[in-house]
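On the provided structure of chain G, position chain D as indicated by the hints.
Here is what each chain is made of, one letter per residue.
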Amino acid sequence: MQDWEMTFNQLIDALLPQLNDDEDIQVLLIAEDSHFTRFNQAKVRQTGTVVNGSLALMLMVNQRLASESISFTGEKESDWPRLMAALQHLREEIPQLPEDPYLVIPHGDEQSRDVYSGELLTPATVVPNVLPQLAGLDAAGLYAGGRSVQAYADSSNQRHWFETTTFTLDYSLFTAEGQAVKGTYAGRTWENALYADTLAASKALLGRMQKPSKPLERGQYRTYFAPAAVADLVNMLSWGGIGEASIRRGGSALGPLQRQERTLSTQVHLLEDFSHGQVSRFNQYGELAPLSMPLIKAGKLVNTLVSARTAKEYDIPSTFAESGEYLRSPVLAPGTLPINEALKALGTGLYVSNLHYLNWSDRPNGRITGMTRYACFWVEGGEIVAPIENLRFDESLYNFWGEDLIALTQETTFVPEVGSYGYRDLGGALVPGMLVDKFTYTL
Amino acid sequence: MTATSLRTTDPSDLLQQVLDSLDLPADWIGMRVVQEDRRQRSQRDGHPERNRRSLDQGAMVEVMVNGQVGYAATNRLSPEGLREAAVIAFQQAKAAAPWKIYAFQPTIRPQVAGRYQSPVRDSLDTLQPRDVNDMLARICHGLKVSDKIVQAKASAGTQVIDTWLASTSGSQVHQHFSFLTIDFGATAQDGPVVQTRTYNGASARCYQGGWEHLGQSDALAASVQRVGEQAVELLTAEECPAIATTLVLAPDQMMLQIHESIGHPLELDRILGDERNYAGGSFVKPKDFGTLQYGSKLLNVTFDPTVDHEFASYAFDDTGVMAERQYLIRNGVLERGLGSSESQVRLGVPGVACARATSWDRPPIDRMANINLEPGDRTFSDLISTIEDGVYMEANRSWSIDDQRYKFQFGCEYAQRIRHGQLAETLRNPNYRATTSQFWHSLTQVGNQDTWQTFGTPYCGKGEPNQVIHVGHGAPVCAFANIEVFGGAG
Numbered sequence: 001m002q003d004w005e006m007t008f009n010q011l012i013d014a015l016l017p018q019l020n021d022d023e024d025i026q027v028l029l030i031a032e033d034s035h036f037t038r039f040n041q042a043k044v045r046q047t048g049t050v051v052n053g054s055l056a057l058m059l060m061v062n063q064r065l066a067s068e069s070i071s072f073t074g075e076k077e078s079d080w081p082r083l084m085a086a087l088q089h090l091r092e093e094i095p096q097l098p099e100d101p102y103l104v105i106p107h108g109d110e111q112s113r114d115v116y117s118g119e120l121l122t123p124a125t126v127v128p129n130v131l132p133q134l135a136g137l138d139a140a141g142l143y144a145g146g147r148s149v150q151a152y153a154d155s156s157n158q159r160h161w162f163e164t165t166t167f168t169l170d171y172s173l174f175t176a177e178g179q180a181v182k183g184t185y186a187g188r189t190w191e192n193a194l195y196a197d198t199l200a201a202s203k204a205l206l207g208r209m210q211k212p213s214k215p216l217e218r219g220q221y222r223t224y225f226a227p228a229a230v231a232d233l234v235n236m237l238s239w240g241g242i243g244e245a246s247i248r249r250g251g252s253a254l255g256p257l258q259r260q261e262r263t264l265s266t267q268v269h270l271l272e273d274f275s276h277g278q279v280s281r282f283n284q285y286g287e288l289a290p291l292s293m294p295l296i297k298a299g300k301l302v303n304t305l306v307s308a309r310t311a312k313e314y315d316i317p318s319t320f321a322e323s324g325e326y327l328r329s330p331v332l333a334p335g336t337l338p339i340n341e342a343l344k345a346l347g348t349g350l351y352v353s354n355l356h357y358l359n360w361s362d363r364p365n366g367r368i369t370g371m372t373r374y375a376c377f378w379v380e381g382g383e384i385v386a387p388i389e390n391l392r393f394d395e396s397l398y399n400f401w402g403e404d405l406i407a408l409t410q411e412t413t414f415v416p417e418v419g420s421y422g423y424r425d426l427g428g429a430l431v432p433g434m435l436v437d438k439f440t441y442t443l
Numbered sequence: 444m445t446a447t448s449l450r451t452t453d454p455s456d457l458l459q460q461v462l463d464s465l466d467l468p469a470d471w472i473g474m475r476v477v478q479e480d481r482r483q484r485s486q487r488d489g490h491p492e493r494n495r496r497s498l499d500q501g502a503m504v505e506v507m508v509n510g511q512v513g514y515a516a517t518n519r520l521s522p523e524g525l526r527e528a529a530v531i532a533f534q535q536a537k538a539a540a541p542w543k544i545y546a547f548q549p550t551i552r553p554q555v556a557g558r559y560q561s562p563v564r565d566s567l568d569t570l571q572p573r574d575v576n577d578m579l580a581r582i583c584h585g586l587k588v589s590d591k592i593v594q595a596k597a598s599a600g601t602q603v604i605d606t607w608l609a610s611t612s613g614s615q616v617h618q619h620f621s622f623l624t625i626d627f628g629a630t631a632q633d634g635p636v637v638q639t640r641t642y643n644g645a646s647a648r649c650y651q652g653g654w655e656h657l658g659q660s661d662a663l664a665a666s667v668q669r670v671g672e673q674a675v676e677l678l679t680a681e682e683c684p685a686i687a688t689t690l691v692l693a694p695d696q697m698m699l700q701i702h703e704s705i706g707h708p709l710e711l712d713r714i715l716g717d718e719r720n721y722a723g724g725s726f727v728k729p730k731d732f733g734t735l736q737y738g739s740k741l742l743n744v745t746f747d748p749t750v751d752h753e754f755a756s757y758a759f760d761d762t763g764v765m766a767e768r769q770y771l772i773r774n775g776v777l778e779r780g781l782g783s784s785e786s787q788v789r790l791g792v793p794g795v796a797c798a799r800a801t802s803w804d805r806p807p808i809d810r811m812a813n814i815n816l817e818p819g820d821r822t823f824s825d826l827i828s829t830i831e832d833g834v835y836m837e838a839n840r841s842w843s844i845d846d847q848r849y850k851f852q853f854g855c856e857y858a859q860r861i862r863h864g865q866l867a868e869t870l871r872n873p874n875y876r877a878t879t880s881q882f883w884h885s886l887t888q889v890g891n892q893d894t895w896q897t898f899g900t901p902y903c904g905k906g907e908p909n910q911v912i913h914v915g916h917g918a919p920v921c922a923f924a925n926i927e928v929f930g931g932a933g
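Each protein sequence line maps, in turn, to chains G and D.
If you read the first sequence in the working numbering, its first letter stands for residue 1, the second for the next number, and so on.
If you read the second sequence in the working numbering, its first letter stands for residue 444, the second for the next number, and so on.
Take the hints with a grain of salt, since some may be wrong.
Unchecked claim - Quick list of in silico lysine-lysine cross-link-like pairs, DSSO-like style, CA-CA up to 30 Å: (1) D:K730 / G:K211; (2) G:K182 / G:K203; (3) G:K214 / D:K730; (4) D:K740 / G:K211.
Said to hold, decoys possible - Some but not every residue of chain G turned toward chain D, in silico, with C-beta under 10 Å: (5) E191; (6) N192; (7) G251.
Derived by calculation from the structure, the hints in this document are not laboratory data.
Even glycine gets a Cβ: it sits at the ideal position worked out from N, Cα and C.
One chain only, chain D, in its complex shape:
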């Protein structure tokens, strides 16, 4: 958040020098350097809880021997450190090659050259630590709309990440990312009743860019007041009824719904079985691509890392494959999966440029980037007006789905009953459950571009060893018929 935060040393020459000096009988050698400058500032009830900066840097060195890649990750960014890592990676690949699951060709890591830079209007340099803390204190105070607010929290996180990719096939890629995450929320309590309301769900307001994503100060102040007031409102709201009804989801819950029941089950490494010991497999089978009616004909979903300011945009994945927009599901039919070049060649189904790693210390695996549900043609008021009886839910607070990505149960922060085509009384503890196929086939209405919003999360977990990664999800308001909803209590 100051000018000194953006210190970056371009290691391109170092990488080329080391690659040129290596004398290893390898099929291919690649080096990916990551430098990261992360700032996290948070306050609770107007008092500072965190003013933390994290500087991290290191290199992932990958070596292919007899079709097997071995890796060595090191934070010693010296010629000696990188050369030693290359030797270790070579030895690892050589030892494992007789047991490889697939004999990859060096072409799996294409020759590529290019640059990417996040679009930024208001640089992360423009706010000083004092400014950010003042803003967070104002938010905390704004959230305290009542004595029943027992906790008010606000945080701002920035990240500047540079990645460089170089390889013996001649690749040279540099990507410069700038991220901002804003988060705040209030917890209200009245005896045993406790309710929390946040700014579109925990850490959902995350974007590429700069401070422009904070929005205008009066709009931010209005959002703060609304969050505080709704936390209090929920204390006396009725429990969400246990009924099967029309469920309308706001974009800040659609984000989670898309992520868990479309994004993850379409990951080709899950279908290949790589992920079965940790996050799980998928109900989707290889033969389903091109044939499976995943949902109703209103369902159109894209992999789109080209959207300006969406959280997981990029030009190249971490193996150097150029990223482009692709339909995953069109008119409800499954077209392609979320699989890297490695997974595509192993499984024989189409994928996308999605080999991504959390940082320099993990190898790339199949990942979501921006997975978006394309807008339809209904205005919000038109959509609601057609519903005689239903429930409208906003902002995720609970999420759980099985290891095949089929049986899920999600909970939201805030809901309203829909009666006779209009939003009616507020409901607390709204939850819903369904199976993935039933749910997406129940999609009956899709909101238009005016209802479309993008959110994201920095915390998508997957992989062995474990990795978290940025993902973005854009969606309109959507309606689903005959979904089981219910409330809380033990």
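Chain G extracted, bound-state conformation:
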């Protein structure tokens, strides 16, 4: 395995002396060495490895910025000429660009190094360990695992390195009629016993899906959302929600909350919490986020995600967000409802394990549409009666996190990110279950 950290540091050490006095730079690295096995019907569909890296160089001169990213192979003799060519390109281009009044020049003296090792299955042993336990099941999913790296350096001598070795096994089990349950096993060390436990829980849930599904009329239903569904709703706040720039420019669903035109339940406490080390604390400006920061406290918006660029534009303090001002390590604080009393508290209504394909249907008013998916049940008298046919919902967060929020569970669950657009996602959301009254289903 290549020593990417040594190569990165060698490249930076060689690059910094090349800079002219009026030049500032930032360099961002993202790289991974990943194995993927995709399966369907508990058989291998596609399997392979991806080794990829990208080095982004940002050059700042005379209040102007241009950036160029190049392939990072981890071999200095290959990467150095490309890096120097990128620097030359940027020097040629930057005089043509307009001044950027909100340019953030690197400053500070932050340094960090976090390396989390893991014990994963080797690529050749993934299939023999994962698939035999799925034998006889109609199972589809993806095993993804390997080393992920994010690093930062700049001309003010800030430098950060974050490296973690992780895996996710994201799967679905299906009945003959097409009803399904979703399961996820993730971590830094693969343990067959834990995998078996996770799978056993999924199989038990699948057993409840064998009954004929119950069609429901559109309308409002009392609903319990399991943590995976709650995480999907929380993650919507990364998309025109909690970011200061979107609030300032009319693009945020939390505009009415910020303007105090709408309120949320005092049970809602949302924070960013990096204490578990799932993702890097440094951002693309080299800033280290605080270990924990409240965003919504007792239903009130107490902080937003403010990037250094937004801070400069509006002359407000940064909260050390990425430029996209999205949630990186969200935690929705637990409530008081014991999870083993959730069905009893629900009484009659819907148990929703997962949601699917969420989108804003009226973002300025906080309204979200999407579908129920996987193990969702009709419940009567606190007992599961039957799985349901999937429903479309269309509901405002000012209702389900407002006066219609009945309770949050005492227990929280870590719902890992399993996406892999570009590179494998890291981290996830720590959330409780949620009991809501009068949730609106429309189709």
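For chain D alone, kept in the frame of chain G given last:
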């Protein structure tokens, strides 16, 4: 956007040299090299937000052993890097072969030779970074038609992508693509009311070719002014009423409608179940091909990667299969699916050349390319004139559909009421919902060639590991009877 952007090193000889030197007991070995040069420039309110170039290159090495393909993707384009990748892919295929879902034959990756080049009139070299930034600043300023415009954004993206395919079966393919995407929009706000209007929807103006797709400067300026003015107009417009009525969709919303409720459900890998753990399956069953009345008899849909300048045109898919125009739905009847050679042989239904990968670091999967709804015979004015009461909607802003591609809800940026055969007052927050079968069976009128426009998106997501890909969609204006429409508010 400068001459230096088009630097390309032809790796054909390297690939052949490595293939010739490999000594692996494999059924078949293929290598696909991708080199990409992407430029993104954007401004907000006349200030630069992004001037970014991304150079990316790498190789996808696939090895078939005992009917199972294993892959290894590497960005080390040296003989050693490629050989190491081939060994890893071989080991992966060998380890997985006892658990394969299907025993493929090497013929699934045909011997093929050929070239493709995007048609370009005005080369991407012709505008310098200064020119592009000046243009974006002009657009931002043009969008600011009122103090109520709180944000004006404009961006231009170019991509030059070269792909080479070589294999032990003797294939040699080189495709050279040139892409342009133009995007701008304005957000207007008056107290709690916020409305955004864009240039036919976010990133919808994407084409193969060069700067010719920018259009004439006076036409562009008129579009900019219209977008700004309509954003302001929407602030005081009535909410879209909640009624069941005749819905007329412009081509920039038909794009999304076709994509979500025809393109995705016809993907054979969804029907096979490969995609069930992520994007989902499909309500379409294998027995439906050749028999299912998908929509009204006015519905004619093609897979057509041969349309000049449409966003997802190509001559070969990423497994080397030659691409050609095919009817998916003719006179409302489902004829074939969107499935690669691999999916076709597994499912036993006809498909198309659509095994595509986002880049060198992902294996090809079943994908849309250009999926077009063929024009009918109605002029726009004729079509509207027949409608006593209805709603006309333009430009997508919200999209959501279930995992079987059946129950959907879509929202648009801009709408007008249709009263007594004429376009009437403007409506804001227009949404509609239906099921796929009900919707396409409600197709009552199809606009003619004069109403037909092509759009696309660079961001169609699918697959595990995840992939985004370019798709194009051409469509005329279409009318649908008795559709549930409604407005916004929480």
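For each hint, the structure was consulted:
{"no.": "1", "hint": "D:K730 / G:K211", "verdict": "holds, 26 Å"}
{"no.": "2", "hint": "G:K182 / G:K203", "verdict": "holds, 10 Å"}
{"no.": "3", "hint": "G:K214 / D:K730", "verdict": "holds, 26 Å"}
{"no.": "4", "hint": "D:K740 / G:K211", "verdict": "violated, 38 Å"}
{"no.": "5", "hint": "E191", "verdict": "violated, 21 Å"}
{"no.": "6", "hint": "N192", "verdict": "violated, 17 Å"}
{"no.": "7", "hint": "G251", "verdict": "holds, 6 Å"}
Violated hints, listed in ascending order, are 4, 5 and 6; each of the other numbered hints is respected by the structure.
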